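Trainee: Starting from the known structure of chain P, arrange chain W on it as the hints suggest.
Here is how the chains run, residue by residue.
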Amino acid sequence: MRDSSGLKIRFLMLLAFSLLLVGCVDLSEVGKFAALSEAANASFPSLVADIRDSCERRSNYAPEDRREEVLLRCNERSTSNDGLLQAQQVLLNYMEALKNLSSDKTVTYGEKLDALPDTLSKAGLNDNQVKATTGLAKVLVDAAIGGYRRRELGKLVGETNEEVQTLTKALKKVVSDGYGTELKLERDAIKDFYETGLKEHEKQEPLTALLVKRRWTEDLEGLQKRQSAALAYGRVMDSIARGHQKLYERRNRWSTEELVKQLGPEISDIYKSTQEISKVFK
Amino acid sequence: MAKLSADQAFELADKFHDISVSVGNYRFDQWDNLTPSQRKRLEDLQWTLMNYSSDFVAQAINLIVDDLQGTLKEISGAASKANDAIAKIKTVSKVIGIGAAATVLGAAIMSGNAGGALTAAEDLVQAVTA
Chain P
9 MRDSSGLKIR FLMLLAFSLL LVGCVDLSEV GKFAALSEAA NASFPSLVAD
59 IRDSCERRSN YAPEDRREEV LLRCNERSTS NDGLLQAQQV LLNYMEALKN
109 LSSDKTVTYG EKLDALPDTL SKAGLNDNQV KATTGLAKVL VDAAIGGYRR
159 RELGKLVGET NEEVQTLTKA LKKVVSDGYG TELKLERDAI KDFYETGLKE
209 HEKQEPLTAL LVKRRWTEDL EGLQKRQSAA LAYGRVMDSI ARGHQKLYER
259 RNRWSTEELV KQLGPEISDI YKSTQEISKV FK
Chain W
221 MAKLSADQAF ELADKFHDIS VSVGNYRFDQ WDNLTPSQRK RLEDLQWTLM
271 NYSSDFVAQA INLIVDDLQG TLKEISGAAS KANDAIAKIK TVSKVIGIGA
321 AATVLGAAIM SGNAGGALTA AEDLVQAVTA
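These protein sequences, in sequence, are chains P and W. With my numbering as the guide, the letters of the first sequence map in order to residues 9 to 290. With my numbering as the guide, the letters of the second sequence map in order to residues 221 to 350.
Chain P with its partners taken away, still in its complex shape (with noise of 0.2 Å):
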């Protein structure tokens, strides 16, 4: 009888066991590639939101003259603002719910398989029995969730890449053109402000020509730190539209190895390149 009962627990523990490599693949790089992080969350919209903000910092520099002109203009660009900004939360909110469904910290079935001891007792299984069979349980249930997890991702990524690559792109042809060129703008304009004024009064003040000087590169770096933040903005774009791809290209037949090799250099471009806009849009 004892030998009968160890045998049926071994072969419960061979099954719990054939069943986690059947049926489970673990998704955590689905989940590290679709997490944008809080940093990318705080930051991209402010990068957004600064197309608008170089043309306003454009009209500082502009002679006064022509500075409320370029100020009302600046105010027009609201809606197209506001509907780029709408057009980035839909990607965030579509990788920030990749990222969930791909993670295994949604599922909260504690209560019901923590009474599962209690009725199998009540069953008359003693307690090795009791053990395996729980552990078993909780297996069939885990495996049953990752591939149910696994089929809803894989849908949800064949039917969304068409989309997820065409948003990508516009997005980071918005951002590349357009603010770039905002902030081209914005280059030109600092330079004919300063440039102007030591041709008025270098020869007259050369002291304060120094400190025109310095103020002018100062905001020369600034400027530069939000192209270099524009660029790294389309490679965060390039690496989701290029990871996204890799998963619809593989989406009937993921497999962890092969999700960690293929996704792995996406996740640190994105990384990288979000530390980078993050430090400058906080």
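Derived from the structure by calculation, the hints contain no laboratory data. Computed from a predicted model, the values in this text were never measured in an experiment. Check the hints yourself; a few may be wrong.
Said to hold, decoys possible - Here are the computed lysine-lysine pairs in the PhoX-like style, where the Cα-Cα straight-line distance is at most 25 Å:
1) W:Lys293 to P:Lys180
2) W:Lys293 to P:Lys107
3) W:Lys235 to W:Lys260
4) P:Lys177 to W:Lys235
5) W:Lys235 to P:Lys163
6) W:Lys260 to P:Lys221
7) P:Lys287 to P:Lys180
8) W:Lys235 to P:Lys181
9) P:Lys163 to P:Lys269
10) W:Lys260 to P:Lys254
11) P:Lys287 to P:Lys233
12) W:Lys301 to P:Lys40
13) W:Lys235 to P:Lys180
14) W:Lys301 to P:Lys163
15) P:Lys199 to W:Lys223
16) P:Lys177 to W:Lys223
17) P:Lys254 to W:Lys301
18) P:Lys177 to P:Lys233
19) W:Lys293 to P:Lys207
20) P:Lys280 to P:Lys290
21) W:Lys308 to P:Lys40
22) P:Lys181 to W:Lys223
23) P:Lys177 to W:Lys301
24) W:Lys260 to P:Lys199
25) W:Lys308 to P:Lys163
26) W:Lys260 to P:Lys211
27) P:Lys180 to W:Lys223
28) P:Lys107 to W:Lys301
29) P:Lys181 to W:Lys293
30) P:Lys177 to W:Lys260
31) P:Lys107 to P:Lys287
32) W:Lys308 to P:Lys107
Mentor: Only chain W this time, still in chain P's reference frame:
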């Protein structure tokens, strides 16, 4: 007149920017040969060109955002589906009773088939979360 595309608007923004840079450079290069009034007129021209460039940027962004509406709807819908799935997973324990877990367990033991047991378990989750 045909409507501009976003790419065309960005291209125009670039062109107007480049011309404004040329005008600015000319003003500074020829500073000593220009009268104050000529300098002012060139500076005004430079700022007008910069404003046009910025306007084309805004137009391009508007066009892109408008074009994205369908895409955004799709992705928002997908995010909602993901959140629904998460909600289902969170509450799945309430649905998977001890009896169900034991039934699947029994099936696994009886069949000795790990893959089959897994499918049964997955089907169960699918059924309760559908």
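Trainee: I'd like to know which numbered hints this structure contradicts. Please list them from smallest to largest.
Mentor: 5, 10, 15, 19 and 30
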